[in-house]
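Here the structure of chain Y is known, so what remains is to put chain P in place on it, guided by the hints.
Each chain, written out:
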Amino acid sequence: MSRSRARESSQLMAQESLLQVRNLRVAFPRRGEPDTVAVDGVSFDVAPGQVVGLVGESGCGKSVTSLAVMRLLPGRNVRVSGNVFFDGTDLLALSEPRMRELRGSEISMVFQDPLSSLNPVVPIGLQVTEVLRRHRGMGREPARQEAADLLDRVGIPDPRRRLDSYPHQLSGGMRQRALIAIALACRPRLLIADEPTTALDVTIQAQILGLLADLVRETGTALVMITHDLGIVAGLCETVNVLYAGRIVERAQRHRLFGTPRHPYTHGLLRSIPRLDGPPGAELDAIAGSVVDNIPWTHACAFAPRCPRSLRMCVEVPPAAEFAGGRLLRCHNPVPADAE
Amino acid sequence: MTVDGAEARGALLEVDGLAVHFPIKRGVVLDRTAGHVYAVDGVSLAIARGETYGLVGESGCGKTTLGRAVVRLVEPTAGVVRFDGVDIAHLRGEELRRMRRRFQMVFQDPMSSLDPRQSVESLLGEGIRAHGLVRGAAAHRTRLRELLDAVGLPGTALRRYPHEFSGGQRQRIGIARALSVEPDLVVADEPVSALDVSVQAQVLNLLARLQADLGLTYLVIAHDLAVVRHVSDRVGVMYLGAIVEEAPARMLYDLPLHPYTRALLSAVPVPDPEVEDRRERILLTGDLPSPAAPPPGCRFHTRCPWRQPQRCDDERPQLRTVPGTTGGHWVACHWAEEIRDGQLQPHRVEAEVGADDVLAAPPPQRPASVTDVLRR
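Going down the list, the sequences are from chains Y and P. When we follow our numbering, the leftmost residue of the first sequence carries the number 1, and every step to the right adds one. When we follow our numbering, the leftmost residue of the second sequence carries the number 1001, and every step to the right adds one.
Chain Y on its own, in the form it takes in the complex (with noise of 0.2 Å):
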């Protein structure tokens, strides 16, 4: 068992890791009460031009997990042990001033609500340009250039004319643009995006999902994609990690987590969804109770009180990460791979 596992996780590494998330753990103590336990032991990698996607729902860690990978938490009242390799670096044990190079250069973010993310009082134009004169050192000229150039890349018409516009005078699919521009002005090598389209309508999703895929088809960034919505996963991430309360319970390249989910809340979330192409009118097998119920994962599988597939046994010893078959899978009394 071991050996296969250890094979198989070779096997996951032999593309060269960008980014290494080992064992992450952010922990947020509260007085006289157990830590609220965000992120309980994550791993996982990312390859130059793979796209990975983190999905859970909220709540899930999904979000304190790229804060942690780009040290953006607050130094005070949190916890965070493990690793982040980056390129071979431990980003945590980096210190601050170095961290604050490789942040916006060599690893970018790109937030849920670009209006909250852009500077109000700042023009366009100079939030771009900011970061090229920062990192890349040039001149207020050929930054605006450059600037100018990033923007018509994102699909923004008119670019020139956009440098001077304030974030409140574009749409919100514009600043999402604006946003992507500005973590993009680098040429970072890895891009964490925090549910990027979330605020956006479907038809301006469609068109920032499709520019991120091909920015990372042309530049070969590697893409951290977080996101709630299982249906964006589908099209856009190669590898997809299932968080749950914490932890990853289920990852697989897409076309084997989508085809035959062995967790079962991935399964469950698969068909509670209405799909476009479904029957319409069924019932939907909705998963039970929320996520308040969960147990601590110290103790039991936290899943557990909402799963179908509960035996005496997850609610007492809680399930290792197994990987079998190309597939990790914390998990007891998996779904049979046959079901569906």
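Hints were generated in silico from the structure; no laboratory data involved. We treat Cβ as the ideally placed atom computed from N, Cα and C, and that holds for glycine. Mixed in with the good hints, there may be bad ones.
Computed, partial: chain P to chain Y, Cβ under 10 Å [stated by the list, open to error]:
(1) Ser1166
(2) Gly1167
(3) Gln1202
(4) Val1203
(5) Asn1205
(6) Ala1208
(7) Arg1209
(8) His1223
(9) Leu1225
(10) His1230
(11) Val1231
(12) Ala1267
(13) Asp1272
(14) Glu1274
(15) Val1275
(16) Leu1283
So the derived label-pair ranges between C-beta atoms look like this [claimed, not checked]:
(17) P:Pro1023 / Y:Gln145: 42 to 52 Å
(18) Y:Asp152 / P:Arg1281: 20 to 30 Å
(19) P:Arg1311 / Y:Ala288: 48 to 58 Å
(20) P:His1347 / Y:Asp152: 20 to 30 Å
(21) Y:Glu33 / P:Gly1152: 29 to 39 Å
(22) Y:Arg22 / P:Arg1281: 35 to 45 Å
Leaving out everything else, chain P in the frame of chain Y:
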């Protein structure tokens, strides 16, 4: 048009030529009207008893305003809203109050639509008391239990407050509150979009079960096409204040006729890699034009990949049936037949910046849609 067909089956709600225009006020001393936001601009639809009508569209298309105008939460500028034969757009005072019992609303965000300082008992009992629906304390209590039971909440919930519940449970309270006055029509505005994916299915199933048990009529407003298709018998697609296509749910998805519907359907991600890899996307360029200055002619012509030099720019298409489609399929496009039969092919559309609408126009205070205002 559609009104006639549904009337035969006993329409509960008929909307005819409904318009809601919000004035844009400028100036401090003189209250000058500088223009209007044409949020809803000429919508007609009919909903039969026991039917679920789904309304989809992107933010800013006027779907929320339409829903709110139907239950008289905003005053219609023009048009008729007939509920069970009575024109409620012009009802006043006591008559309106008594009528309100029969049409209720379920809101998007259960956290902001439930008073945090009212217990569940008080939230659910308010409407019952106001309309004098049950007599006596014992009957009142029994009724509250029934309501909680119907939406799947324990009886102990009565003495608790909204913040003590999870999002899904709160939405159940919102639904119970709407049902407390025994309405005929429930307008649900984005009933599941604030909920987690795994909880959405529970609420959708609940809505379906309640409809079957109580014979309710629904107007479901949502931006998620998959959700709307799932719950609705008929679906209307809105774009910039008007319905551009209306059809039975299955038909709309199998054979969309309007270019906008096609684009919308093709943009919705499907959680299946096999499907995603094969799909052809119709990518729309640009954004929704401002509802304060809607384009002349067909409102979609600025973004339409099938736009023709004739008619599209200057003649506003009306909803009509298209030969060769089965009953109840209405579309507002001059070229629907040609597009369906493949005689017209899509072409590239340059995103229009044109009259500097983006740069010159909206100051940050002006919301893009009603939903925006409600979120604040």
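Structure-based check of all given hints:
1. The restraint placing Ser1166 of chain P at the interface with chain Y holds, with a minimum CB-CB distance near 5 Å, inside the 10 Å limit.
2. Interface restraint check: Gly1167 of chain P against chain Y, minimum CB-CB distance 7 Å, threshold 10 Å, status holds.
3. Interface restraint check for Gln1202 of chain P: the shortest CB-CB distance to chain Y comes to about 4 Å, inside 10 Å, so the restraint holds.
4. Interface restraint check for Val1203 of chain P: the shortest CB-CB distance to chain Y comes to about 9 Å, inside 10 Å, so the restraint holds.
5. Here the hint on Asn1205 of chain P is kept, as its CB sits about 6 Å from the closest CB of chain Y, short of 10 Å.
6. With its C-beta approaching chain Y no nearer than about 7 Å, Ala1208 of chain P sits inside the 10 Å limit, and its interface hint holds.
7. Proximity of Arg1209 of chain P to chain Y holds as hinted, the smallest CB-CB distance being about 9 Å (cut-off 10 Å).
8. The restraint placing His1223 of chain P at the interface with chain Y holds, with a minimum CB-CB distance near 7 Å, inside the 10 Å limit.
9. At its closest, the beta carbon of Leu1225 of chain P sits 6 Å from a beta carbon of chain Y; the interface hint therefore holds under the 10 Å criterion.
10. Given the 10 Å rule on beta carbons, the hint for His1230 of chain P holds: about 3 Å separates it from the nearest Cβ of chain Y.
11. At about 8 Å, the closest approach between the beta carbon of Val1231 of chain P and any beta carbon in chain Y falls short of 10 Å, and the interface hint on this residue holds.
12. Checking Ala1267 of chain P against chain Y by beta carbon gives a least distance of about 4 Å; that is within 10 Å, so the hint holds.
13. Nearest Cβ of chain Y to the Cβ of Asp1272 of chain P: about 6 Å, under the 10 Å cut. The hint holds.
14. Hint on Glu1274 of chain P holds. Least Cβ distance to chain Y is approximately 7 Å, under the 10 Å limit.
15. With a cut of 10 Å, the hint placing Val1275 of chain P at the interface with chain Y holds, because the nearest CB-to-CB distance is about 6 Å.
16. For Leu1283 of chain P, the interface hint holds, the least distance from its beta-carbon to any beta-carbon of chain Y being 6 Å, beneath 10 Å.
17. Pro1023 of chain P and Gln145 of chain Y have their C-beta atoms about 44 Å apart, which keeps the hinted 42 to 52 Å range intact.
18. At roughly 22 Å, the beta-carbon separation of Asp152 of chain Y and Arg1281 of chain P lies within the given 20 to 30 Å, and the hint holds.
19. In this structure the supplied range 48 to 58 Å holds for Arg1311 of chain P paired with Ala288 of chain Y, their Cβ-Cβ distance being about 54 Å.
20. Roughly 22 Å separates the CB atoms of His1347 of chain P and Asp152 of chain Y, a value that falls within the hinted 20 to 30 Å.
21. For the hinted restraint 29 to 39 Å between Glu33 of chain Y and Gly1152 of chain P, the CB-CB distance of approximately 30 Å keeps it satisfied.
22. The given range of 35 to 45 Å is respected by Arg22 of chain Y and Arg1281 of chain P, whose C-beta atoms sit roughly 37 Å from each other.
Hint compliance for this structure: every hint is met.
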